Amino acid sequence: MNTDKPNKARELSEAHKPNKIVVKTAYRLNVSILLDLELPPECIAGIDANAELLRIHARKLEAFEIPKKPFATASE
Amino acid sequence: MQASLAELAQSVRSGSTKAIDLTRRVLEDIARRNGEFNCFTRVLTEQAIAAALSIDQQIAKGIDPGPLAGVPFAVKDLYDIAGLPTTAGAKMRTTAPPAQSDAIVVARLKAAGAVLIGTLNMDEFAYGFATVNAHFGTTRNPHDVRRLAGGSSGGSAAAVAAGFVPLSLGSDTNGSIRVPAALCGLWGIRPADGAISVEGTFPFVELLDTVGPFTRSVADLQLAYELMSDSKLADIKIIQPTEAPRIARLDGWFVRNASPEIIDALDRVMNHLGASTVVEMPEAETARSSSYLITAAQGGTLHLDTLRTRAMEYDPAVRDRLITGAMLPYALFQKAMAFRDYYRERVKSLFDRYDILVAPTTPVVAPLIDQASILIDGKPAPARANLGIYTQPLSLAGIPVVSAPVHVSSGMPIGVQFATAPGREAMLFTLLGELESSGILKSSEPTLRGTV
Chain V
1 MNTDKPNKAR ELSEAHKPNK IVVKTAYRLN VSILLDLELP PECIAGIDAN AELLRIHARK
61 LEAFEIPKKP FATASE
Chain W
1001 MQASLAELAQ SVRSGSTKAI DLTRRVLEDI ARRNGEFNCF TRVLTEQAIA AALSIDQQIA
1061 KGIDPGPLAG VPFAVKDLYD IAGLPTTAGA KMRTTAPPAQ SDAIVVARLK AAGAVLIGTL
1121 NMDEFAYGFA TVNAHFGTTR NPHDVRRLAG GSSGGSAAAV AAGFVPLSLG SDTNGSIRVP
1181 AALCGLWGIR PADGAISVEG TFPFVELLDT VGPFTRSVAD LQLAYELMSD SKLADIKIIQ
1241 PTEAPRIARL DGWFVRNASP EIIDALDRVM NHLGASTVVE MPEAETARSS SYLITAAQGG
1301 TLHLDTLRTR AMEYDPAVRD RLITGAMLPY ALFQKAMAFR DYYRERVKSL FDRYDILVAP
1361 TTPVVAPLID QASILIDGKP APARANLGIY TQPLSLAGIP VVSAPVHVSS GMPIGVQFAT
1421 APGREAMLFT LLGELESSGI LKSSEPTLRG TV
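Chains V and W, in that order, are what the protein sequence lines are.
The opening position of the first sequence corresponds to residue 1 in the working numbering, with each subsequent residue numbered one higher.
The opening position of the second sequence corresponds to residue 1001 in the working numbering, with each subsequent residue numbered one higher.
Because the hints were derived from the structure by calculation, they are not lab data.
Some clues are possibly wrong.
As the list claims (entries may be wrong) - Each computed BS3-like pair below joins lysine-lysine, with the alpha-carbon atoms no more than 25 Å apart:
#, chain 1, residue 1, chain 2, residue 2
1, V, Lys60, W, Lys1335
2, V, Lys60, W, Lys1379
3, W, Lys1335, V, Lys68
To be verified - Which residues of chain V face chain W? A few of them, derived with a C-beta cut under 7 Å, are:
#, residue
4, Leu35
5, Leu37
6, Cys43
7, Asn50
8, Ile66
Quick caveat: nothing in here was measured; it's all calculated off a predicted structure.
No residue lacks a Cβ here, since even glycine has one placed at the ideal position from N, Cα and C.
Using the sequences plus the hints, can you model the full thing?
Encoded structure:
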């Protein structure tokens, strides 16, 4: 009886989480198509971390509605 | 290096100090101690000695070399120096074609008699608040070598704080002069947009880039500022208020995440000023985000061609930021730009009611070099990326801002920002001079702590 089997299955499952594959593929596609840049695999973790920071700032900016007129003056 | 720039120059002009002796002392000091801090990337020994000898020859002939006669200075590694490649802190640029001429402000300081000693460490391509450079190493804070000097002009700040030179030049896109000035206990100014020429400096974010000096006193800062901008503040025709400056402290975003020691220093300054008015800049957080996004987008776009062919030659941390920035949707960049226009008008309206706005420069004192996070809104957030939370909104406004060192009797240095409207710089310098004279603002001497 091979008692290692369930553990191996778990390891494989952990190593191939769909979201990781999706993220990596998406970055490769984005970088390749949008930037015409061959994405070095070493970049993925760094891009992921930076993308998260940019997402936070993008959400803050998107949430702000720029008034049509800059601001009301005292005379208004 | 305790004498002021004017005193040093006067000593050389009067013949009581030889420029060559002063220069040799500086060069020897750098050779002996730079390893402790890693400020200098290139020491221009031959060029400096030739310049110093030329100053002495002029004096011997009765020619006045200028208001900075013999004063040693050094520049961030993104200023063009004729005959040398401008590295911008990047190893890949050490083989770039040499600059044909000096950057305008370098030429102006040389024309005033200053002696260029060398180039100073920085975050690669100025993208960072830490001066942790994969190629040229980390610059350490002279007040505690276990801590960051700040960035991206960390070498410039550390070189003055360590006493190698009394004047250095940096650049400030999002806070890269003000953050290291604060962490190293110095005076630094981000000038108003267009007040000092950036010609001959390696660009980072065209819309936000400025250049300025680091010094140990406000008089030195004003002298360097005037020489760099090629204008005397006293000659600028501005409407001077007949009453004392109207001062307010920026509230909300600008104090929300500040540590207790930063708040204490800010309170001491405001109490000393007798100013109790606080004012909200409600869009400050959005301004910070816009600045962040514009920086990422423009920085990424600037480097895209090089990234396509030489991505692996970048500092990995900077490369990943640039690639991510280059992927930002254009619509987002456009919105950040539209916000910028709106926000500048908004800030301009604040100066109808106030002359000077005061805010902390950084949320914390210099973090340890390996410190990963600081608390932002109660949650751990990247320490280095968040050192500029109070400088970035003011960068976007395009206004002149001085980071001034608050006098601390012990502990690490603390900086406070004093912002004003373009055209009111003379009023700002006058107020800062008074505060320095009173002792509340003062550049502190490093008492070395920690070991590498």
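Against the structure, the hints:
1. V/Lys60 to W/Lys1335: 11 Å, holds
2. V/Lys60 to W/Lys1379: Answer holds: V/Lys60 to W/Lys1379 is near 17 Å, not above 25 Å.
3. W/Lys1335 to V/Lys68: With a Cα-Cα distance of about 13 Å, the restraint between W/Lys1335 and V/Lys68 holds, given a limit of 25 Å.
4. Leu35: Holds. Min distance 6 Å.
5. Leu37: Holds, about 5 Å.
6. Cys43: 5 Å, holds
7. Asn50: This hint holds: V/Asn50 lies near chain W, its Cβ roughly 4 Å from the closest one there, short of 7 Å.
8. Ile66: V/Ile66 check passes; min Cβ-Cβ to chain W is 5 Å, inside 7 Å.
Consistency note: the structure conflicts with none of the earlier hints.
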